[in-house]
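Colleague: The lines below spell out each chain.
There are 2 protein chains.
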Amino acid sequence: MRQQVHFVTLATTDLDAARAFYRDGLGWVPLMDVPGEIIFFQVAPGQVLGLFDAEKFDRDLGRPSGTSGVSGLTLAHNVEGPEDVERTVAAMTRAGGKVLKVPQQGEFGGVFHAHVEDPNGVVWEIAHNPGWHVDDTGRVVLG
Amino acid sequence: MRQQVHFVTLATTDLDAARAFYRDGLGWVPLMDVPGEIIFFQVAPGQVLGLFDAEKFDRDLGRPSGTSGVSGLTLAHNVEGPEDVERTVAAMTRAGGKVLKVPQQGEFGGVFHAHVEDPNGVVWEIAHNPGWHVDDTGRVVLG
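Protein chains in written order, with my numbering: chain D, 164 to 306; chain V, 164 to 306.
For identical chains, the list gives no copy identity; a pair is met inside one copy or between any two copies.
EDC-like mimics (lysine to aspartate or glutamate), calculated; alpha carbons at most 16 Å apart, straight line: (1) K219 with D177; (2) K219 with E270; (3) K261 with E249; (4) K264 with D221.
Think of the hints as simulated: they come from the structure by calculation, not from any bench.
Everything numeric in this text was worked out from a predicted model, so none of it was measured.
Sequences and hints are given; from them, build the entire structure.
Modeller: Here it is, written out as structure tokens:
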């Protein structure tokens with residue numbers, strides 16, 4: 164099995180709030196938007212983030228309606244420096260995000276980071292991570 | 164804010180089971196492996212999946228220990244044809260995965276898919292999706 168994730172799909176209670184946050188607030192461009200059902204955003208080469216109506220998500224998994232709030236997940240967005248962490252957190256706050264952890268030095272690896280929750284409870288880590296880089300071929304180098 | 168996810172991090176109760184499943188069972192190569200703490204796998208150009216000890220995950224988010232089981236999330240892996248769906252599901256089962264939905268026609272867009280749970284409850288969708296492709300630049304095309 165190839166080592167590849169093609170879609171990350173999240174159960175989303177309020178698709179309108181998600182659209183307002185990512186598209187209108189952060190300026191992201193949907194790859195596809197089916198109101199009441201799903202919104203797709205490309206978030207890496209060859210990879211899509213899907214925000215999927217929570218009831219349909221549960222039905223697709225054969226689970227009782229209302230079971231699938233998002234938990235146990237963070238999505239991270241890395242930026243060039245500490246001041247970009249501040250700037251991005253400010254932009255997410257203006258877009259309707261809620262700050263869970265203000266920008267600060269993290270516990271691991273010299274990271275400077277913050278946590279912001281989107282309107283549906285999806286937690287983003289915004290980080291400057293000096294021990295991380297991506298080479299010209301897309302290969303991630305850590306440490 | 165750039166439209167990019169750099170890390171997908173999941174609270175993981177049993178890191179040894181995760182290692183046995185992804186590394187030993189599926190043959191994935193860790194980018195970094197810190198026993199008892201975190202395992203990283205690259206899963207897209209410029210993107211890493213992190214399996215993070217659940218207690219440390221909760222502490223990092225400032226939440227009470229034991230709150231963060233993974234829910235409301237699926238990760239999808241697309242393959243070339245329906246027979247590859249069967250083959251991949253068989254490989255995941257041999258590696259210790261649990262089939263939640265046997266390979267079958269999906270509700271949407273002509274997809275043929277299955278759902279398999281990893282040993283920590285992370286749900287994978289294995290899919291042949293004829294309405295999806297990735298062009299040479301990494302751009303995803305849907306529909």
